[in-house]
Amino acid sequence: MDWSLPLNASTQGEAIDNLFWLIFWITVTAFVVVEAGVLWFLWKYRGRKGRQARYTHGNATAEVIWTTIPAVVMVFLGIYSGRVWASIRSSDSYPDDALTIGVMAKQFEWIVTYPGEDRMLGNADDFTIRNRFEIPVNEPVVVMLESEDAIHSFFIPEMRVKQDAVPGMTIPIWFEAIRTGEFQIACAELCGLGHYRMRARVVVHDPTSYEAWYDERSAEAFAAEE
Amino acid sequence: MTRKAWTKGLAASWIVALAACGGGGNGGAGEDTGGEAGAAAGGDAAAPAVDPATAATIRGVVTYEGVSPTMTEIDMSEEPVCAEKYPTDRPMTEQVVSADGRLANAFVYVKEGLAGEWPAPAEPAALDQVGCRYDPHILGLQAGQTLLITNSDAVLHNINTQPTANRGFNISQPQAGMVSHREFSRAEVMIPVKCDVHGWMHAFLGIVDHPYHAVSLADGTFEIASLPPGTYTIEAWHEVYGTMSQEVIVGDSETAEVAFAYSADMASADVPMAEPLVLTHGPDDGHEAAHGAGNAGADR
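If you read the sequences in order, they're chains L and X.
When we follow our numbering, the leftmost residue of the first sequence carries the number 1, and every step to the right adds one.
When we follow our numbering, the leftmost residue of the second sequence carries the number 1001, and every step to the right adds one.
No wet-lab data here; the hints were simulated from the structure.
As the structure is a prediction and not an experimental result, all values here were calculated from the model.
Glycine included, every Cβ here is placed at the ideal spot set by N, Cα and C.
Please note: incorrect hints may appear among the correct ones.
Ranges between beta-carbon positions, derived for each pair [unchecked claim]: (1) X:E1223 - L:T128: 37 to 45 Å; (2) L:L121 - X:S1268: 23 to 31 Å; (3) L:R130 - X:D1128: 56 to 64 Å; (4) L:S93 - X:G1066: 29 to 37 Å; (5) L:R130 - X:S1152: 32 to 40 Å; (6) L:T128 - X:E1257: 21 to 29 Å.
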């Protein structure tokens, strides 16, 4: 069984993974200390003949310590994770001039709209493909996420990106792939009986192969329309 | 309340209830006698017996003029179980199936001119899902006739119908061999059917009140047999090119030939979809079949 995180394939992956491991080790340490304490007390104060239980009114010093330390840790984690969040989700973190791709989630498929040569959506030169999300490596991509029916969730584990697609809203989400390869969009919000198989193929191309793929698919799309 | 008051009250309610039942019965009887001129839902009228000695046939061909649009290959790579069923013949989209100037998959039916009622046939109309396609792509059936839906693929399909005059349904068939039965109670031309799991799967159901309907074959031909002699309006419906109708007169034991000529420039037609259809019965009937402005075809 593989206990490691999925392969990291995006620029934001490292920061997210570091945060994950930091929280993980803090909580593991706290867990071990607390459980060890529980077990020790269980053993030390086990019932024995002639031993009388007695009440204690508590220990102010202990209570201050075990409140302050977690509070400081929580505040630290809050600020740290807030900064990681801002680096991915704040409005000025969105790169200018990113490639914009429209993704419409519907039961039970992903309708992907690619822009034309102008790299902007909403024009006559856009074309649509079902269940294929293909992008170039090392280039930031902004996904304009929409839903046609239920709430779905756009999730590419290797890109460390997940965003609910909500009907009535257009939600921008960005990421930048750092390695080529094939991945998957997996719907991460229960949306009906076909939710378990609501997948799309994600292909990250090197620049040459992306251009070749793009030219071929846009030519196909416009030939079919004629 | 006193016991006496309770008894009086109970007696009063019984009397009122009995009176209401009696009144309802009278009203019902009145409605029945009043309804004989129009279409009675109860099926009181027997199907007009078509005398085999005089039964007529309308036969014809649906042609297509112009360059047939290229159908594209359906990418089934995301569903290997279905993709495997096409080792040689590739699965192609079905909006326009046309060869040698003939057009298949046109739904042809008698729209006007029939008088009487026909009980729905006991035999069901079959819609199969095989190779991640609906078979047939266009299916005609009668209101009240059972639609038998089977899944011949070992994958999840859902059958999502979107009528407007009927109650629709959206059911799943996760396993091969599953069978479902449904019925539509009203005539409606046409009802789109789609599978949400496989976005390329589409079919259309034509529901009519009588058995006089057909779907044009690959060679464009169709036949509507055992018609009572008379004057009829025959309509052809195609999912891309829309509708065309013609008046046809058939005499005793006659076979009338009809041609519907579609052409490439009809591609921008408004295709009527999911429209309720009222069978017109003759001079007694004051209303025409209800047809609003056509809607664009279903999502592809």
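Results of checking the hints against the structure:
no.: 1; hint: X:E1223 - L:T128: 37 to 45 Å; verdict: 40 Å, holds
no.: 2; hint: L:L121 - X:S1268: 23 to 31 Å; verdict: 25 Å, holds
no.: 3; hint: L:R130 - X:D1128: 56 to 64 Å; verdict: 23 Å, violated
no.: 4; hint: L:S93 - X:G1066: 29 to 37 Å; verdict: 53 Å, violated
no.: 5; hint: L:R130 - X:S1152: 32 to 40 Å; verdict: 23 Å, violated
no.: 6; hint: L:T128 - X:E1257: 21 to 29 Å; verdict: 43 Å, violated
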